[in-house]
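*Asks:* Since the structure of chain E is provided, determine the placement of chain A on it from the hints.
Residue numbers (full-length UniProt numbering), protein chains in the order written: chain E, 1 to 434; chain A, 1 to 532.
None of these hints come from the bench; they were simulated from the model.
All C-beta atoms, glycine included, are put in the ideal place defined by N, C-alpha and C.
Treat the hints with care, since some could be wrong.
Claimed, not checked - Covered stretches of chain E, going by a simulated chain A footprint (3 or more residues, C-beta under 8 Å): (1) 26 to 32; (2) 41 to 52; (3) 364 to 374.
What the hints assert, rightly or not - Ranges of calculated distance between the beta carbons of each label pair, as one might list FRET restraints: (4) G175(E) to L48(A): 42 to 52 Å; (5) R355(E) to G228(A): 31 to 41 Å; (6) L433(A) to R355(E): 30 to 40 Å; (7) R47(A) to K259(E): 18 to 28 Å; (8) R56(E) to T227(A): 25 to 35 Å; (9) K30(A) to K312(E): 51 to 61 Å; (10) V441(A) to T394(E): 28 to 38 Å.
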Amino acid sequence: MKVKIISRSTDDFTRERSQDLQKVFRNYDPNLRSQERGVEYTRALNAAKLEKIFARPFVGAMDGHIDAVSCMAKNPNHLKGIFSGSMDGDIRLWDLANRRTVCQFPGHQGAVRGLTVSTDGQTLVSCGTDCTVRLWNVPDYRNKSSSDSAGNAAVPIAVYVWKHAFWGVDHQWGGNLFATGGAQVDIWDHDRSEPVNTFKWGNDTVMAVRFNPGEPDLFATSSSDRSIILFDLRMSSPARKLIMKANEDTNCYSYDARKLDEAKCVHSDHVSAVMDVDYSPTGREFVTGSYDRTVRIFNYNGDHSKEIYHTKRMQRVFCVKYSCDGTYVISGSDDTNLRLWKAKASEQLGVLLPRERRKQEYLDAVKDRYKHLPEVKRIVRHRHLPKPIYKAATLRRTMIEAERRKDQRRRAHSAPGSMPVKPFRKRRIIKEEE
Amino acid sequence: MVVRRENMETENINIGIKQENLEELDPKAKKYLRGDGANLEVLRDKRLKGQLSVKEKLYGQSAKAAAMAEKWLLPTEHGYLEAEGLEKTWRIKQETILQEVDIISSRKPFDMVLKDLGPYRFDYTLSGRYMLVGGRKGHLAMIDMITMDLIKEFQVRETVRDVVFLHNEQFFAVAQKRYPYIYNRHGTEIHCLKEHGAPLKLQFLDKQFLLVSINKFGQLHYQDVSTGEIVGNYRTGLGRTDVMETNPYNAIISLGHAGGKVTMWKPTNPKPLVTMLCHHGPITALAFHYNGHLMATAGIDRKIKLWDIRKFQVLRSYSSYAQSMDFSQKGLLALSNGSQVQIWRDPVGSHDYGRYMNHSMVKGYQIGKVCFRPYEDVLGIGHSMGISSILVPGSGEPNFDSWVANPYETKKQRREKEVHSLLDKLQPETIMLDPSKIGTVRPPRKKVRPSKKEVEAELDETVQKAKSVTFKNKTKGRSKPSKKAKKKEEVVLNAKRSFRELHQVEERPLKKQKVDEVELPKSLQRFARKKL
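Isolated chain A (complex conformation):
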């Protein structure tokens, strides 16, 4: 969608661009190119080469046009916090920041103290306008974060473990004591999803309309909320866990397990795509960067690691502890530990995260969840005594796109968007580690099995080599022509045999031999699995 739309603009905008201007724009335009172009030099088909080079040129033009248009399309500047002199940014208190900012921003931080209904979890809609709050003891509330109106508040009188918005603020799912439930914004129960079992954590994949839950028994369920179909139901086999995060880049679900493993799942595969051992000891938190390349994990072994999930390698490892983590749209990392919140920043883009801001709640509050509000410089904190939010300058994307997520959406726009997103609903098969692979060609397998001819030629060669061996001249009749011929024959045979053995091993890996089932003793036979 993006590339094409931009193409249309290219023509209008290009008229005004001067050559030198283009060169200045290049670093900005790189972002819109979405990676390097194809290498056309290796192509032999001239016609294809021509067609592709025209396309590449168009992509370049559209990227430049998009970079040019930034000036007009992106009116809001992003936030920042800069220390002057001997100041350190992490020593700056929220109160100090509050005095400096405008009135609208000063209304954003708040502390909601809700003592009775226990540790709170919350979720924002994709546009960041609405917040859903769920108290452990059954308290549910939806708040409009722009007007700070309470839209609905109700009690389910049951344990609530997690809350999550579905595709818009009209529906949300709640992980309750025994099943996940879906409610609408008026608090009416719409569905009870009994197949899921007792869920610990919920996630919603908005492009696929999939509700994902992990239950008490370590079972992962994928359910399509638009059709109601259960797409996947897999046993993780790695025990109970409530650490589940979605990679926003490719919609792959990651689970952190008690054994220190992180597994990555897609709905069409009964086994995890990736299993990586990240920590010694249980994993406490996971977070994914928006660009999809960076994963942060925290373990009980007091380590926080940053991973490059293209190579599955550790980039950095820090000695620290976090109970929950979240990446912001601009790449800040928020960590919570007890009643402390830390915000880390990568100042130069080398994945070297350092301290950026600190915030401490009242002592004794246990923070259960931190989450950045999309398109705002705000961090939401859910803790044992309610919900808070603090200002984190430079965390949110300053410019929203009306067609992606619009905080000022009207009713009509919302309805229209619902229809369009249903039309563009992705099939569960489109979830894969590299989503840009869709529509591309799989490169040919590198190792090609040698053909019969080649094998024969090689055999010939070895035989020839064996034949051409010269023997030492021996005495006492051992160098008689008959003896020599016999010896040579032997050498050739040996060479042939060894060659065949070598190739047989390569060609046919030994099949798993069926082991005859051992007869169990009579007393144990009733435990044996019954044959169908």
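Pulled out of the complex, with its shape left as it was, chain E reads as follows:
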């Protein structure tokens, strides 16, 4: 006869000293834990609820400007510094950690319309409606204590006066050039007082300029004649032009720059014009600021926003930026304040212990697994909206639905094939020119 009995000596399963950690034993056998799916579902539901409870995205406001904030620039070399320019010509450098002004850059006579920082983080370029471009040295405020530097003022390295008012500026990635937009597009070098190159296509004002981070020679502009123009610095003339009839139609359109005949995705949710867009450093999501006094965050391929931020006091948002580490969002608005938000509303700030992190990962995975179930979906999707926006959104929905219905009826009563169905991605595009 051979016999063996399970026998455990208590010493092997308990700790020896009171300072020791408790011993933990795992057995992943599914038979030991029944109704796993039910438990997982309950956890997903609770996680979704807790996420809502902990969604406190507003971190703080930074006041100091005496007029509306018109533009912002982040310093690619310094995480907690951000520049902001206002309508009265004031430029400030902020310390995000302390939410204080570190330095001021006085000089502009009219509104500051564009701000950008060179990739090495040494030079700040500003331009405005006073027809000047100013180059500034970025102060090394790491050595200074923030308290005594509050009234600190810098002097520009260079002031370039030009023929027309400027509406936007952007610096080339990794190079020495920057582009300004106004009545025409000018390419500037740091050391020259006149532009090195000038582009013009059509007569309308260029409102915004943005360089491509991957291809340093490419940049795009948008102008007030509803067109988007792609430029290549290596060529003497603009490359392509896209004309849309989507003038302030509250949507964002993302395009594949190679295929401009249809939008990749139409991001709709705002109820008023979108004033500014900024991609997160990962490129997976972007933030928009709108004239409807809200900031929204979209997935790069999501047609509806995943997050909406608003406060009672925040007025029309003119500029938004993702912080360089992708954890914060900064918005500048009409009420002269910069506001700091968390990019993920319910994220815990500060360092997470490995256990906490793993728990969070687990809860995220479970939530993802059960996101299709009605109860979880409802809780995850729900956002509180301010009343005017809620009403405007309802109205917009009604209008869109009515339009759709009308279109449908028109189609039903016309000859088959005479009204081809055009997807919304293509509907707003009028023309693409080479």
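*Replies:* Chain A in isolation, oriented as in the chain E frame:
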């Protein structure tokens, strides 16, 4: 929880795994896969197919990682009893086993003789550490089975029919003469659950925090002990019974009735989910296997049947008798009959249970309850003269999981676990026959009603068929064109009528016609149910 946790380990462990090793592990890994993967071949959506195939791959990896980790995570080996030569395992006596085992194990079997306070029932906590003992005449005691300390002993001076632990050893429920009561471990009465009536049997569903009782009048009560809410109160309508068991796999309550029926209940349904006729004559005992597929029933007709409760079919039927039964974690089946205890085993996994061990108590002891102690090779026996326990090698799960049930739980761990289990408390709606259905999509109904168009097309076809019938050529003017046309018309009409009749019957099943209430004779009218 499990799948995800394992995913994290996958990355760490996979580095060391070699390809051939993986193939060896496959049979072990199958257990962790929790069934077959989805059939992705039928999917037309390529994106979804890709996403799902990535997921399936992850599941496979995590199952393999779990199988790999068994070596380190499961330190204790399971028990066994093997006969050598001409020996038979069922002839081996407890005394013989006792001489062979180590000291710790030899302390586990005991006989507690408590003559006066009548047939005893008992219950173990989920971790198997604590035992609650209840004597018919009101004797209640809680024992720590590791240290063999008596934690509390008291008298309620009332009939005690059943005892059951709640979610941990801090609270227990007792079915007393008129009501179930809840006590804490110090013996203080916490609640008296008057809504339940006089209970015969109690069960506790730990995931849902539901206390279930069946009372003298065959009423089933579900009460949430965390909120105090009565979740369900249903009349079984099948008479008094004290055979009630929980299926640990899906928390469905099964009742065995005097008519030979077994009914399965969930708290949100006033009618049983399943009613099955299992025996001719009253059912004496029920037991459920841990994997949730196997049910054993015993009846007064001297039959013991094993059922596949996925198909509700008999797998095996044995001529034997049992007053109480229990499945162990490893699938041994204990049966008691009079003062005899038999333990059956399924040696090859084909549901062919055979004798494994025998044990006889002192003659005249009536065994009321047998129950395996979780995570130990021990069978507890409650009988008319007290409580006993015997060694049954190979019955318990050798490795416990600290997060599921920990026999060596400290006070802090216990408190933490209480909070977590309350956070993860399942709603009563989650109790269903197949709990893995949660979060899945109901497959489309197979039979789709034919659309109007289809019906019309079919009608056309029948009409055409009727029209194309050729008639025999007849004489004496019976084949005149007018006659022929008339005949054809008739045939078509007939075909149409028969088609319509056929479809009407299919489309609209006859509604239950309201029968006008018959006027009762005056003398009987006072017994009629009053209209509201």
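*Asks:* All hints are to be evaluated individually against the structure, with a verdict given for each.
*Replies:* Status of each hint after checking the structure:
Counting residues of the segment 26 to 32 of chain E whose beta-carbon sits less than 8 Å from any beta-carbon of chain A gives 7, enough to reach three: the coverage restraint holds. Chain A is given as covering the segment 41 to 52 of chain E, and this holds because 4 residues of the stretch bring a CB closer than 8 Å to a CB of that chain, at least three being needed. As drawn, the segment 364 to 374 of chain E meets chain A at 6 residues by the rule of a beta-carbon pair under 8 Å; at three or more, the given contact holds. Between G175(E) and L48(A) the C-beta distance comes to about 44 Å, which sits within the given range of 42 to 52 Å.
For the pair R355(E) and G228(A), the supplied restraint of 31 to 41 Å holds, since their beta-carbon distance comes to about 34 Å. Our hint of 30 to 40 Å for L433(A) and R355(E) holds, since their Cβ atoms are close to 37 Å apart. At roughly 20 Å, the beta-carbon separation of R47(A) and K259(E) lies within the given 18 to 28 Å, and the hint holds. Checking the proposed 25 to 35 Å range against R56(E) and T227(A) shows it holds: the Cβ atoms sit about 29 Å from each other.
Taking 51 to 61 Å as the suggested C-beta distance range, the pair K30(A) and K312(E) conforms, at roughly 58 Å. For V441(A) and T394(E), the Cβ-Cβ distance of about 31 Å falls inside the hinted range of 28 to 38 Å, so the restraint holds.
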